[in-house]
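*Asks:* Here is what each chain is made of, one letter per residue.
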Amino acid sequence: NAGVMQNPRHLVRRRGQEARLRCSPMKGHSHVYWYRQLPEEGLKFMVYLQKENIIDESGMPKERFSAEFPKEGPSILRIQQVVRGDSAAYFCASSPRDRGETQYFGPGTRLLVL
Amino acid sequence: GNSVTQMEGPVTLSEEAFLTINCTYTATGYPSLFWYVQYPGEGLQLLLKATKADDKGSNKGFEATYRKETTSFHLEKGSVQVSDSAVYFCALSDRVGAQKLVFGQGTRLTINP
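Quick note, the sequences are listed as chains A and B, same order. Heads up: the first sequence begins at 3 in my numbering, then just goes up one per residue. Heads up: the second sequence begins at 667 in my numbering, then just goes up one per residue.
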């Protein structure tokens, strides 16, 4: 059973470009979480999605960031008009259900904005 | 709101030394508690967890006990190895709502041979 897959592993963008980060959850997992890790800091929750639904986006910046988890295909975290402060590692985690189920993390996408 | 406070790092120990990384939390209700480990350039791996008071999580020689009275979940290992060098994160998860994880700031551990 493959683990959580994320791609790309590394992404370089210039200021003002768009960044698209993809996450394929573990097989059988229908819950996806996105977290951001700034350099030398812990992870901060961004958004929680189930298939076709955003359940909690309380950690998402109000502008430029969006997330989706369509019925078919991976979850996408989209950052429009990137700025240098968006440089970070973005981790996706999945779980089979809520109610205390363990979250399993992908290897992350390291975004660098020049 | 919920929060997790971890022992400041970095921590440097010699091989076979005893390890303690302190973790305390603030939460409403009864969260689940976790330790995750992050090796260089990789994602987080679950190390151990505990879901209720007095539970002890253990894995790979690491242990942590859920102490409700002191709101703590300290990580311990009796004899560390060079391969244990990594960043360790304490985290909690609400049992209601989004179940999102709230992380401490991480503790970087280096073990010297």
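The reader is advised that the hints may include incorrect statements.
Stated by the list, open to error - 27 Å max Cα-Cα, derived DSSO-like pairs, lysine-lysine: (1) B:K722 <-> A:K46; (2) A:K53 <-> B:K722; (3) A:K29 <-> B:K743; (4) A:K64 <-> A:K29.
Stated by the list, open to error - Per the computed footprint, the stretches of chain A lying under chain B, defined by three or more beta-carbons under 8 Å from a beta-carbon of chain B, are: (5) 46 to 56; (6) 105 to 116.
Just so you know, these hints were derived from the structure itself, not from any lab. For glycine and all other residues, C-beta sits at the position ideal for the given N, C-alpha and C.
*Asks:* Indicate, hint by hint, whether the structure satisfies it.
*Replies:* Evaluation of the provided hints:
1. B:K722 <-> A:K46: holds (26 Å)
2. A:K53 <-> B:K722: Not OK: K53 (chain A) and K722 (chain B) at ~34 Å, beyond 27 Å, violated.
3. A:K29 <-> B:K743: This hinted pair is violated, its Cα atoms lying about 33 Å apart.
4. A:K64 <-> A:K29: violated (31 Å)
5. 46 to 56: holds (count 3)
6. 105 to 116: Since 6 is at least three, the answer is holds.
When held up to the earlier numbered hints, the structure conflicts with 2, 3, 4 and fits the remainder.
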